[in-house]
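What follows is the residue order along each chain.
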Amino acid sequence: MTPSNAQLLWMYQTMVEIRDYEETMAKVYLEGKLPPNVQKGLAFDIGAGPVPGEMHLAAGQEPVAVGVCAHLRIDDTVVGAHRPHHFAIAKGVPLNEMTAEMFGKDTGLGRGKGGHMHLFDPAHKFSCSGIVGASMPPACGAALAAKKRGTDAVAVAFFGEGATNQGAFHESMNLAALWKLPVIFVCEDNKYAISVEKSVSTSIEWNSDRAVAYGMPGIGVAENDAVAVFKAAATAVARARSGAGPTLIEVKTDRYLGHFQGDPETYRPKGETATLRKNDPIPRLGAQLRELGLLDDDADKALRKAARDRVAAAYDFARKSPYPKPEDALLHVFI
Amino acid sequence: MTPSNAQLLWMYQTMVEIRDYEETMAKVYLEGKLPPNVQKGLAFDIGAGPVPGEMHLAAGQEPVAVGVCAHLRIDDTVVGAHRPHHFAIAKGVPLNEMTAEMFGKDTGLGRGKGGHMHLFDPAHKFSCSGIVGASMPPACGAALAAKKRGTDAVAVAFFGEGATNQGAFHESMNLAALWKLPVIFVCEDNKYAISVEKSVSTSIEWNSDRAVAYGMPGIGVAENDAVAVFKAAATAVARARSGAGPTLIEVKTDRYLGHFQGDPETYRPKGETATLRKNDPIPRLGAQLRELGLLDDDADKALRKAARDRVAAAYDFARKSPYPKPEDALLHVFI
Amino acid sequence: MTRKLTMAQAVSEAIAQEMSRDPEVFVMGEDVGKYGGIFSATSGLLDKFGKDRIMDTPISETAFIGAGIGAAADGMRPIVELMFVDFFGVCMDMIYNHMAKNIYMAGGNIRLPMVLMAGIGGGYNDAAQHSQCLYATFAHMPGMKVVVPSNAYDAKGLMMQAIRDDNPVVFLFHKGIMGLSWMSYFEGSTNEVPEAPYTIPFGEARIVREGADVTIVTLSQMVQKAVLAAEELAAAGISVEIVDLRTVVPLDKDTILRSVRKTGRLLIADEDYLSYGLSGEIAAVIAENLDSVALKAPIRRLAVPDVPIPFSRPLEQFVIPQVSAIVAAARALVAAPQPAISLEETHA
Amino acid sequence: MTRKLTMAQAVSEAIAQEMSRDPEVFVMGEDVGKYGGIFSATSGLLDKFGKDRIMDTPISETAFIGAGIGAAADGMRPIVELMFVDFFGVCMDMIYNHMAKNIYMAGGNIRLPMVLMAGIGGGYNDAAQHSQCLYATFAHMPGMKVVVPSNAYDAKGLMMQAIRDDNPVVFLFHKGIMGLSWMSYFEGSTNEVPEAPYTIPFGEARIVREGADVTIVTLSQMVQKAVLAAEELAAAGISVEIVDLRTVVPLDKDTILRSVRKTGRLLIADEDYLSYGLSGEIAAVIAENLDSVALKAPIRRLAVPDVPIPFSRPLEQFVIPQVSAIVAAARALVAAPQPAISLEETHA
Ligand SMILES: Cc1ncc(C[n+]2csc(CCOP(=O)(O)OP(=O)(O)O)c2C)c(N)n1
Ligand SMILES: Cc1ncc(C[n+]2csc(CCOP(=O)(O)OP(=O)(O)O)c2C)c(N)n1
Ligand SMILES: [Mg+2]
Ligand SMILES: [Mg+2]
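Chains as they are written, first to last, in this note's numbering: chain E, 1 to 335; chain X, 1 to 335; chain D, 1 to 348; chain Z, 1 to 348.
In silico contact screen, one side only, chain Z against chain X (beta carbon under 7 angstroms); selected entries:
1) Ser60
2) Thr62
3) Ala63
4) Ala67
5) Gly70
6) Ala71
7) Asp74
8) Met76
9) Asp93
10) Asn97
11) Ile103
12) Tyr104
13) Ala106
14) Gly108
15) Gly143
16) Asp166
Everything labelled a hint here was simulated from the structure, so no lab data went into it. Since this is a predicted model, take the numbers as computed values, not measurements. Backbone N, C-alpha and C define an ideal beta-carbon position, used for all residues, glycine too.
If we strip away everything but chain E, and leave its shape as in the complex, we get:
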């Protein structure tokens, strides 16, 4: 299945927005964290500034998010991992509340209690977790609920290539295949789990080849390309919706930034990211759109500006939002 023009445009525009979001965050995140504003002797202070704590950005990995989410409806579930923004944006999570959450504000998705690894948006059926491998079992549960209710909603679990060596991967794959759950497992192979290269963590090259261990189809996508991901996901989502069961997809993608912001990246070969960026999927899709006559300079500019404005508005919303009251920390353990 090839994407429609509308889908192509949506994927492009969404990738642009994601990239802008992540690059903005990379800058905002540094506010207040560098000398001379931090404790003497520190190069960087993770706990300082308007957005403290760890920050995992997905610049470069946009194709995975848009290629899959292009097929999803609001009643489909997405569960992401510690690097969740691209999925959240592609699933339609409102930028304002999402950003406010990362600023720890009362207007955030979780009233500031969750933070960037813990974005919960029940209206868009989006959630994520900071524990590697933890996206898969709950996605099975959402799929199980859909199946029990006889709807054709599906669930997607996103995770990194490092996560495939966590027991939860195996257990979830077996459960989903056994129960023919409408779930799509999507592995982003960005070649690293923090500093550990895939060859140092994984005994085979393609995780999609692991699907046979469950009698499940596995699809490997060799290109960090939105259309290629779209096609793989089309098959998988259709299979899930039809009741035929789960699929495992692995996409070779690229992480342009550090594992987290502040990562010294000494484990990376010099110049690696510069090389990777030459294969940037956003201009590549832009060029395709131009060839198809769906985009020209003006439209591109307008679209980029619109994305930038939405992103800027979200950061603005977040900044201007109030913090929760300290004693609100005691609320919401139970409802």
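Assemble the complex: chain E is given as a structure, and chains X, D and Z with the ligands must be docked to it using the hints.
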């Protein structure tokens, strides 16, 4: 590789001994557990008698133990699961101390602290665990130690087909393949995990097919037969000793008794065990030995009597051994 | 007329009644179907509700507990059985980092109506990996209600309450009071249970027996042991008040304090490990309130003395507090030098 | 002359010295190699010892911690890093059912010389799954020694002791005192550390500061907060004695009792969850010994008030006890009505 005459005889005699051991235990275990010796209203009391607690017996599964252990040396490690006797016996764990352990006696392998699911014999490098899937990671560790020290010792992890859906299976397989550890993973498919049939727990038919997910050889043994297991294990052990890495073996075997003693087995089709017992691997190997001229009635009788005597002596040793002092319970948390 | 039920029957009746009432309720776990649950908590349910609602699972606790979380977040009401609580180690991440925290991390914007039930306790020689209580481990981590019934009546009402709760509830039943046909049990746990549905609110301890000299704060099977001990002590002229906590999260501190203010003596009888657990928390409740509690003796704790549960019968009987140990500890409490003056009295 | 080291440097130096001495010692964990450990506990070790002894692992905590157990049972001395203690849920079975129990279940017939180390603690807004302390969870389960240093000097000596111990040791370092270049830290944790190897025995609390009015029992990063609080309190005329537990298993009850007997007032300052944890256990030590401890006020506890760690800064600062909270609690303790008469005094 075909077994030598000595190996054939050893396998036969060891299977006979295991069977005798398990059948004796099935009887001894019931002592004191039935009405009228138990609380009124009970059909059976798991906590009563000389051997209290759960009891998982392996009658029918002897080929897996002897077919693998025929290749092992005293410096090779074996880690078993909750159904461990056949492996322990085949690995050479002394019957006296093992039995005393199950009686909770001070002369037991663990001075009565471990019980039947927790047999530790460092001299024979044998251990086991009551947690499903828990045999695999420590076996990887023993293999890692051998590798680090440059010996050609190997490690074997035994586990049931139910255990293959535990995360530990997946993590251990990947680790072993990645690090080329000298470990052999041996799955006993006895068709049930307590009451749950394999088709209800596992999305594919052969767990040995899961080996490809790790780039590891997988061998399926379709017959509950000592020689067939021996052959598969020969390849796997040789591979491990040579430094080429791990192998996953799955053997279709049969559980003649309940999951544990006292299991009502209502989940089993009527007459199933009677049918299974028609394919008893012990007389089958006996017949082969006879054909090869390695066994006749007298020798068989003598060998059976010798096994029976050793087993009886062990139970006798256990019965006559003293209990530990109650306050010894406080010892050995640390050494 | 009410019938007597075993605790296992009471639990499965509660589940059955809620399943009949609410189509969103379903059960998952190992051997919960044909087998009816290893400890019979789901006995008879497969026949009533079929295998789409009573689901046998692979031995994949992380996956199926995690699936319960996902289904609950979607509005279903899963009851998930972790066969023995001792197996929590293979799936604790799903339990404590997700089931327990998701509501909080979502700022209260989601519900998570899930019951996780498991068998606890020793006494039948199942050794170190199958005999633990561990309720304090769950209670220490925020975000789970923790229910530990001592008898059939409470078990039914607490289970119904648990299923209807929009928060995750950990429901722990002691094997030695389930009334199984294959394990000796304390008969006090099998009692009269109304057929009609009813709930028991969480956080309300029950005074099992009133008394004047010593308060025994306890829970689960140990309640039944305390009752036997109290009878023995009564014969010796010592009047015991027994507080059955019923839930450890929430904890009914008021009832504990009220009782200890009355008796002046506290014995905590616990089957979990001694240190850093339940008995310490109850002790702290008193130690923090010494300005309003007049203790006649230092508090005493009975619990498993920080050793794994040994297999051998004499060893296991030694480490798990028995009726005789409760009797001896209560006697020692009463024999402690008196009278003592509390902080409170000195303030007057 | 001794040098000042950060706690991270002290830990990696201890490991390096033991690795040089004993070829059986090796390190496994995620990002322990090129990265040098996310919290720098293995910084520089890959270059010194190579990748056969400093092994990066897959994200398979069950497998590699289990492999540590297997290797240790075979006589090696693995040091295994679980990056954040918060991840214990994916591998607790290997930790508590195997690493911790195997020696006991073997009746003392095996050794298990393994160190499991992990980063703990919050304060830098890493939210609910990356900010916990959880030492009480490990301490509650028998079979593990649990070490929680507060400064570089102790960390080196305790790590060497841990590596040489034939029993499993859980070594928990608070991220906020490691002296990392990317996280603000308490400078008191960076102190003078002798270059020569030395060990510090387990079970010996350290009196950080002597005082007469209030005892603060604490550990890990909270020691550094208590020191700052004590200075503030001293200025207000309140003399504080600080007890740094250093190890929670074994627990040095004598030092706690001795100090509280002297001051008559106890404040427990803890960064773990409040209920069913460390603070309760320390309270119980007092409550069990009220016949020999003359309390001048009820004990007080500071800890995370049974909520997951919230992300937002004002919320996190509110739930994790800060210097100001310690000051306020100590003041309140001293202001509590006096004099009070203890059980002990009434026995005289
Ligand atoms: C169970 C668990 N172990 C370890 C970690 C620490 N950790 C966070 S992200 C990460 C690497 C994940 O790699 P991958 O799955 O490839 O995702 P990526 O970061 O590349 O997107 C690790 C080890 C964790 N969060 N959870
Ligand atoms: C982690 C864990 N989950 C559940 C159990 C309970 N349990 C004990 S044995 C068993 C079935 C194991 O089946 P299998 O692996 O096929 O071995 P078999 O009993 O057939 O030898 C189960 C579920 C356990 N001990 N550990
Ligand atoms: Mg990755
Ligand atoms: Mg089986």
